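Peer 1: Chains as they are written, first to last, in my numbering: chain A, 172 to 504; chain B, 172 to 504.
You may find that some hints are simply not true.
If chains are identical, the list can't say which one is meant, so a pair holds when it fits in one copy or spans any two.
[Said to hold, decoys possible] Cross-link-like lysine to aspartate or glutamate pairs, in silico, DMTMM-like; alpha carbons within 25 Å at most:
no.: 1; residue 1: K185; residue 2: D410
no.: 2; residue 1: K441; residue 2: D471
no.: 3; residue 1: K486; residue 2: D229
no.: 4; residue 1: K441; residue 2: D462
no.: 5; residue 1: K496; residue 2: E302
no.: 6; residue 1: K486; residue 2: D437
no.: 7; residue 1: K323; residue 2: D471
no.: 8; residue 1: K412; residue 2: D462
no.: 9; residue 1: K441; residue 2: D477
no.: 10; residue 1: K441; residue 2: D382
no.: 11; residue 1: K486; residue 2: D471
no.: 12; residue 1: K203; residue 2: D295
no.: 13; residue 1: K323; residue 2: D341
no.: 14; residue 1: K412; residue 2: D471
no.: 15; residue 1: K412; residue 2: D213
no.: 16; residue 1: K496; residue 2: D477
no.: 17; residue 1: K323; residue 2: E215
If you're looking for bench data, these hints aren't it; they were derived computationally from the structure. Small disclaimer: the values here were computed from a predicted structure and weren't measured.
Listed below, chain by chain, are the residues.
Number of protein chains: 2
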Amino acid sequence: MVIDCHGHYTTAPKQLQAFRDGQVAGLSDPEKPPPVLSAISDDELRESVQPQLQFQSDRGTDVTIFSPRASVMGHHIGDARTSLAWTRHCNDLIHRVCELFPNNFVGVCQLPQTPSAPLANCLDELRRCVEQLGFIGCNVNPDPSGGMWTAKPLTDRFWYPFYEVLVELDVPAMVHVSGTCNPNFHTTGSHYINADVTAFMQFITGDLFRDFPTLRMIVPHGGGAAPYHWGRYRGLAQDNKRPPLDEMMRGNVFFDTCVYHQAGIDLLLKVVPVDNILFGSEMVGAVRSIDPTTGFYFDDTKRYIDAAAISDADKQKIFEGNSRKVFPRFRAA
Amino acid sequence: MVIDCHGHYTTAPKQLQAFRDGQVAGLSDPEKPPPVLSAISDDELRESVQPQLQFQSDRGTDVTIFSPRASVMGHHIGDARTSLAWTRHCNDLIHRVCELFPNNFVGVCQLPQTPSAPLANCLDELRRCVEQLGFIGCNVNPDPSGGMWTAKPLTDRFWYPFYEVLVELDVPAMVHVSGTCNPNFHTTGSHYINADVTAFMQFITGDLFRDFPTLRMIVPHGGGAAPYHWGRYRGLAQDNKRPPLDEMMRGNVFFDTCVYHQAGIDLLLKVVPVDNILFGSEMVGAVRSIDPTTGFYFDDTKRYIDAAAISDADKQKIFEGNSRKVFPRFRAA
Numbered sequence: 172m173v174i175d176c177h178g179h180y181t182t183a184p185k186q187l188q189a190f191r192d193g194q195v196a197g198l199s200d201p202e203k204p205p206p207v208l209s210a211i212s213d214d215e216l217r218e219s220v221q222p223q224l225q226f227q228s229d230r231g232t233d234v235t236i237f238s239p240r241a242s243v244m245g246h247h248i249g250d251a252r253t254s255l256a257w258t259r260h261c262n263d264l265i266h267r268v269c270e271l272f273p274n275n276f277v278g279v280c281q282l283p284q285t286p287s288a289p290l291a292n293c294l295d296e297l298r299r300c301v302e303q304l305g306f307i308g309c310n311v312n313p314d315p316s317g318g319m320w321t322a323k324p325l326t327d328r329f330w331y332p333f334y335e336v337l338v339e340l341d342v343p344a345m346v347h348v349s350g351t352c353n354p355n356f357h358t359t360g361s362h363y364i365n366a367d368v369t370a371f372m373q374f375i376t377g378d379l380f381r382d383f384p385t386l387r388m389i390v391p392h393g394g395g396a397a398p399y400h401w402g403r404y405r406g407l408a409q410d411n412k413r414p415p416l417d418e419m420m421r422g423n424v425f426f427d428t429c430v431y432h433q434a435g436i437d438l439l440l441k442v443v444p445v446d447n448i449l450f451g452s453e454m455v456g457a458v459r460s461i462d463p464t465t466g467f468y469f470d471d472t473k474r475y476i477d478a479a480a481i482s483d484a485d486k487q488k489i490f491e492g493n494s495r496k497v498f499p500r501f502r503a504a
Numbered sequence: 172m173v174i175d176c177h178g179h180y181t182t183a184p185k186q187l188q189a190f191r192d193g194q195v196a197g198l199s200d201p202e203k204p205p206p207v208l209s210a211i212s213d214d215e216l217r218e219s220v221q222p223q224l225q226f227q228s229d230r231g232t233d234v235t236i237f238s239p240r241a242s243v244m245g246h247h248i249g250d251a252r253t254s255l256a257w258t259r260h261c262n263d264l265i266h267r268v269c270e271l272f273p274n275n276f277v278g279v280c281q282l283p284q285t286p287s288a289p290l291a292n293c294l295d296e297l298r299r300c301v302e303q304l305g306f307i308g309c310n311v312n313p314d315p316s317g318g319m320w321t322a323k324p325l326t327d328r329f330w331y332p333f334y335e336v337l338v339e340l341d342v343p344a345m346v347h348v349s350g351t352c353n354p355n356f357h358t359t360g361s362h363y364i365n366a367d368v369t370a371f372m373q374f375i376t377g378d379l380f381r382d383f384p385t386l387r388m389i390v391p392h393g394g395g396a397a398p399y400h401w402g403r404y405r406g407l408a409q410d411n412k413r414p415p416l417d418e419m420m421r422g423n424v425f426f427d428t429c430v431y432h433q434a435g436i437d438l439l440l441k442v443v444p445v446d447n448i449l450f451g452s453e454m455v456g457a458v459r460s461i462d463p464t465t466g467f468y469f470d471d472t473k474r475y476i477d478a479a480a481i482s483d484a485d486k487q488k489i490f491e492g493n494s495r496k497v498f499p500r501f502r503a504a
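With the hints as extra help, turn the sequences into a complete structure.
Peer 2: Printed below as a string of structure tokens:
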């Protein structure tokens, strides 16, 4: 079985965006009544995920761990009520897709984060998604300000109530920012990668996994820059008298394989312990075209793993075994 | 000849830091007279760069393109006067070291940037360093706020007067942030790398080199995450109908080799055109210890190039030829 641990619902029916547009319009006009999500039929949902199903079939993957479109989580827009209403709709649609295609999709939720409210208001939605909707994990935004980086580091006690619930529910979190409103950053080109680098360095210097030995965090996009700068990070850990990287990561930090060329994947597989790598494609996501040098989609990451010089046993870990460990609720789902 | 394009004066005599401490203390106490830099003798300067000279000799490098310690440029501290006084002292010391060891060091300046003032006040110092002190380039901080990212993108017209002077003087700029005051970021572990990624993505989406065809920008630390995510960046350029990366970079964007392990350097050399790679070590810098897996210093990057499977002609370009092209004033200096 090939489990893609990183897929977003980037192809949702247009009613969802219309609802969001209504929300955003309402922010500047408090007289407006809150928008209502127009009905979306099951057929519309089925139609909307045809691209994903086609890619699964074409590429030979089986199940996608599926979450709302990350770039439009937009935690910096509006306030806690805005974020909660938007998040619930996004998560509910993921749930409906998973119900319609239980063999193809398993749900991961977005959280109703907001820079203006405590984290506590995310916990109910997390519980609802896991306990009632059968979701197996969540995406957590380390920068709900959308590129201003005003939140506390992920290793700060601010986040601990959230980690307590993750541990209790036995679900992992993927560290995933959303769209940026800071013109310095490009959402998928620099903000995403920077957030991965930032989180990984926080994990190196903090004591998060001493305090939560069973907490599991996924750093997407192949761990940002970490594998490329593996010597730098090994050296910084050593210079700062922190645990070696493989020890720090062991049961706690995982990278996906959202790296869109063979040489990058080869480096990832060479330096990062195989037990810490989960197959992922970010499909349908950041890069949607075909690589003219290969003739295949950039984000067809399964091809790179297939072609890599590692054992079949290691490939099985990356494609399936590791995700089953990191997402223990996968089986039940 | 082996030219190290990226070295910082991290070992300056303690009088320099004492001056800075006085400056910082004065910010909260306007009654205090501005600090004065205590005299530093030539012997003290000679002594202070012995580590660099020893590393040059041990590692087989010849000349270091030498700039003030990047992490303490601290453009977010104080105002334009603070930054100018501090910058001039830092640059003057670089100049004195270069005068004392003209075969070992060539100067690159820091700029008196500050978030609170226009860029115009950097131009005089840039001219002074290049025209009077014989410097051959500068470091430009894309985020003088120190981790708040409040400045304009490097492709914004805000920076154009600065680029006009770079072009006129025919000197390149290295994109190099300083220490961060945002607790989310670790200065050398994430803030530096994030800035590289951010700048590179700005170059992909902007029209900077259409407007300044001879402008040369160096993205340090091996180009941040760019080589590891080369497929992502090629794909983003293509999806956004931007020029291919090699075309965009050709005579304008260069990466150094500050990547502290063999597999990372091998990836860099594999995907990035050899004409766009300059040898650099960041020595004595971010990582100061010995890699226990090799027995050599992490930042002894010459070893990785020596061991790489590329031709001698390509190595010569990386070690010397490319830097001579990017820094045409190198010869005169």
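Peer 1: Each of the hints needs a verdict: does it hold here or not?
Peer 2: Hints, verified against the model:
1. Taking the shortest alpha-carbon separations for K185 and D410, only the inter-copy value of 22 Å comes in at or below 25 Å, while the best intra-copy value is 51 Å.
2. When the C-alpha separation of K441 and D471 is checked against a cutoff of 25 Å, the pair qualifies both within a copy, at 20 Å, and between copies, at 21 Å.
3. Only within a single protomer do K486 and D229 lie at most 25 Å apart by alpha-carbon distance; the minimum there is 19 Å, versus 42 Å between protomers.
4. With identical chains, the CA atoms of K441 and D462 are at most 25 Å apart both within one copy (23 Å) and between copies (17 Å).
5. Proximity of K496 and E302 under a CA criterion of 25 Å is satisfied intra-copy only: 19 Å inside one chain copy versus 62 Å between copies.
6. Proximity of K486 and D437 under a CA criterion of 25 Å is satisfied in both settings, with 13 Å inside one chain copy and 23 Å between copies.
7. In the homo-oligomer, the alpha carbons of K323 and D471 never lie at most 25 Å apart, since the shortest distance is 35 Å inside one protomer and 35 Å across protomers.
8. For the homomeric pair K412 and D462, the shortest alpha-carbon distance between copies (14 Å) is at most 25 Å, but the shortest distance inside one copy (42 Å) is not.
9. Proximity of K441 to D477 under the C-alpha cut-off of 25 Å is found in both arrangements, the shortest distances being 15 Å within a copy and 20 Å between copies.
10. In this homomeric assembly, K441 and D382 never come within 25 Å of each other (Cα to Cα): the closest approach is 30 Å inside a single copy and 41 Å across copies.
11. Taking CA atoms no more than 25 Å apart as the test, K486 paired with D471 passes inside one copy only; the shortest distance there is 15 Å, against 34 Å between copies.
12. Taking the shortest alpha-carbon separations for K203 and D295, neither the intra-copy value of 28 Å nor the inter-copy value of 54 Å comes in at or below 25 Å.
13. In this homomeric assembly, K323 and D341 come within 25 Å of each other (Cα to Cα) only inside a single copy, at 23 Å, whereas the closest approach across copies is 43 Å.
14. Within a single copy, K412 and D471 get their C-alpha atoms only as close as 39 Å, which misses the 25 Å cut-off; across copies the closest is 21 Å, which meets it.
15. For a Cα distance limit of 25 Å, the shortest separation of K412 from D213 qualifies neither inside one copy, at 55 Å, nor across copies, at 36 Å.
16. In this homomeric assembly, K496 and D477 come within 25 Å of each other (Cα to Cα) only inside a single copy, at 21 Å, whereas the closest approach across copies is 41 Å.
17. For the homomeric pair K323 and E215, neither the shortest alpha-carbon distance inside one copy (40 Å) nor that between copies (42 Å) is at most 25 Å.
In summary, the structure is inconsistent with hints 7, 10, 12, 15 and 17 from the numbered list given earlier, while agreeing with the others.
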